[in-house]
Amino acid sequence: MPYNPGPPGLGHVGSYEVSGKPFVSGNIDLSSYTSGPIEINFPSVTRWIIVRNRGNSTNNAKIIKVAGSANGFTTGEYFRISDDYNGTGARRNSTTPRMELKMTRIYLTGSSDKVDVIAGLTGIPTTTIRDNWSGSAGIG
Amino acid sequence: MSIYNPGPPALGDVGAYQVSSKPYFKGGLVADGTIRVIQFPAVTNWIHIRNATTLLAGDGPRISFSENGMNTNNFFDLYSTYVENDTNSVTLYFKVTELYYKRPASSNVAFDIVAGLTNIPTSSIPNNWSGSAGIG
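Residue numbers (our numbering), protein chains in the order written: chain A, 40 to 179; chain B, 2 to 137.
Just chain B, with the same shape it has in the complex (with noise of 0.2 Å):
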């Protein structure tokens, strides 16, 4: 007798992004004059980059969302913390497997990633959208 058994959530499936999302913390990443890339385990909901440091030639790092988006300026670039009203508490809410990360200019950049995960696989987006309008 056959069970029915519907798999894990598509990319499509509301109701993965409804739900509050599974944790994932990394810290103590350093951005530097390579491009890195962080590889999530799962589909995120949404992805909140937090920069400590508190000077000024600490701003960064570099985001984008391919290697290829950091030579074509798909990317945006993140402030210190040593601000009032500074671009750290932003929750950006993307559905990416990856992130690629450098230095903006000629000093290394301390930083720390807090995401939410849904449980939809990383397989469910073929190359982090890469090639796509916006990404690069």
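Isolated chain A, as found in the complex (with noise of 0.2 Å):
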């Protein structure tokens, strides 16, 4: 019978020193969900995060939250991106660095209507994270 040591998992060191497979969700117009924060859903466990936030506005009011659960909005577990652009020449802090982090998924809420989300992937599957690591302290 032929060996078959199955999927990497959580721990396999070289999942996350090889590059990613591209995960890339733009234009996303959070202002239209008014219901509660966007779940992005990613295929695999994440090797690396990036958030861009491209609104637009006078007075930063276009700046978002994202958090790792729906619960950490409420629990003060989430971090804010300013949007892009005043209008007048300055540009804000608008995008997060690659943010080397192994989740399941990001959740976001706010009123900028163009977000990207940008990762890049291992191959390890996302049944090895329960729940995104809900309920940790810093997740929610």
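The set of hints was computed from the structure by calculation and includes no laboratory data.
Cut-off 25 Å, straight-line C-alpha distance, at most; resulting in silico cross-link-like pairs (SDA-like, lysine to any residue):
{"no.": "1", "chain 1": "A", "residue 1": "K153", "chain 2": "A", "residue 2": "P82"}
{"no.": "2", "chain 1": "B", "residue 1": "K103", "chain 2": "A", "residue 2": "A176"}
{"no.": "3", "chain 1": "A", "residue 1": "K153", "chain 2": "B", "residue 2": "H49"}
{"no.": "4", "chain 1": "A", "residue 1": "K60", "chain 2": "A", "residue 2": "R137"}
{"no.": "5", "chain 1": "A", "residue 1": "K60", "chain 2": "B", "residue 2": "Y94"}
{"no.": "6", "chain 1": "B", "residue 1": "K96", "chain 2": "A", "residue 2": "G115"}
{"no.": "7", "chain 1": "A", "residue 1": "K153", "chain 2": "A", "residue 2": "D68"}
{"no.": "8", "chain 1": "A", "residue 1": "K153", "chain 2": "B", "residue 2": "T55"}
{"no.": "9", "chain 1": "B", "residue 1": "K96", "chain 2": "A", "residue 2": "L49"}
{"no.": "10", "chain 1": "B", "residue 1": "K96", "chain 2": "A", "residue 2": "A176"}
{"no.": "11", "chain 1": "A", "residue 1": "K60", "chain 2": "B", "residue 2": "V15"}
{"no.": "12", "chain 1": "B", "residue 1": "K96", "chain 2": "A", "residue 2": "G159"}
{"no.": "13", "chain 1": "B", "residue 1": "K96", "chain 2": "A", "residue 2": "E56"}
{"no.": "14", "chain 1": "B", "residue 1": "K96", "chain 2": "A", "residue 2": "V52"}
{"no.": "15", "chain 1": "B", "residue 1": "K103", "chain 2": "A", "residue 2": "T113"}
{"no.": "16", "chain 1": "A", "residue 1": "K60", "chain 2": "B", "residue 2": "Q19"}
{"no.": "17", "chain 1": "B", "residue 1": "K96", "chain 2": "A", "residue 2": "G53"}
{"no.": "18", "chain 1": "B", "residue 1": "K103", "chain 2": "A", "residue 2": "P136"}
{"no.": "19", "chain 1": "B", "residue 1": "K103", "chain 2": "A", "residue 2": "T114"}
{"no.": "20", "chain 1": "B", "residue 1": "K96", "chain 2": "B", "residue 2": "P9"}
{"no.": "21", "chain 1": "B", "residue 1": "K96", "chain 2": "A", "residue 2": "G50"}
{"no.": "22", "chain 1": "B", "residue 1": "K96", "chain 2": "B", "residue 2": "W47"}
{"no.": "23", "chain 1": "A", "residue 1": "K60", "chain 2": "B", "residue 2": "H49"}
{"no.": "24", "chain 1": "B", "residue 1": "K96", "chain 2": "A", "residue 2": "G48"}
{"no.": "25", "chain 1": "A", "residue 1": "K153", "chain 2": "B", "residue 2": "V91"}
Take the two lone chains, each set in its own frame, and fit them into one complex as the hints suggest.
Written out as structure tokens, the structure is:
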């Protein structure tokens, strides 16, 4: 019978050392979702994630929030990303760095009409992270 | 029959830093005149601090890795977001268990934290390096 090692596990170092398989979801219009945060599901465990807020406003009114669970928005376990441009020349800090996080989904809320999610994926199945760490400190 | 149990990874376990991290998010923090502390549930792989304030008066917070560090110049200040090339996009690859913060001037500062956690227990770093050169 041939040897079949199965998919890599969550702690498989090599899966994080090779570059990621691309995942891009662009032009997300959060302002059209009025019933709560939206959920971005990744097809496998992420190696890294970048979130960009390309909304424009004079007063940073299109700032967005990012969390690892819907509950995180009510428990303070989230972070914010300013919108991109004030219309007079100055850009804001509207792009996260490459956040090297192993996750299976993220949640977004806010009034921006242009949000991009860019991720590098491992080959590790999403089933290796139960409920995307929900219930952990820092996730909610 | 005894069963081999290697236990949790130690502070120098290379693989614990090579894999991507477990997320830790904390939003809506306010730095005021009191030195406050965030205690991470595990040793960090990296830390990223975001200040979404768009006024220069909102610069900050002031960050150190011990309470004493605030009084011994072992700290640094972040900027608010309304500049083109600010320091907020910096990711600090530090293995720590605590982060101390306060406002750098007279205005309170709102900010958020994103951190990547290892699965190394916090007990691996006694007192979060306090007393070391560069920490205070």
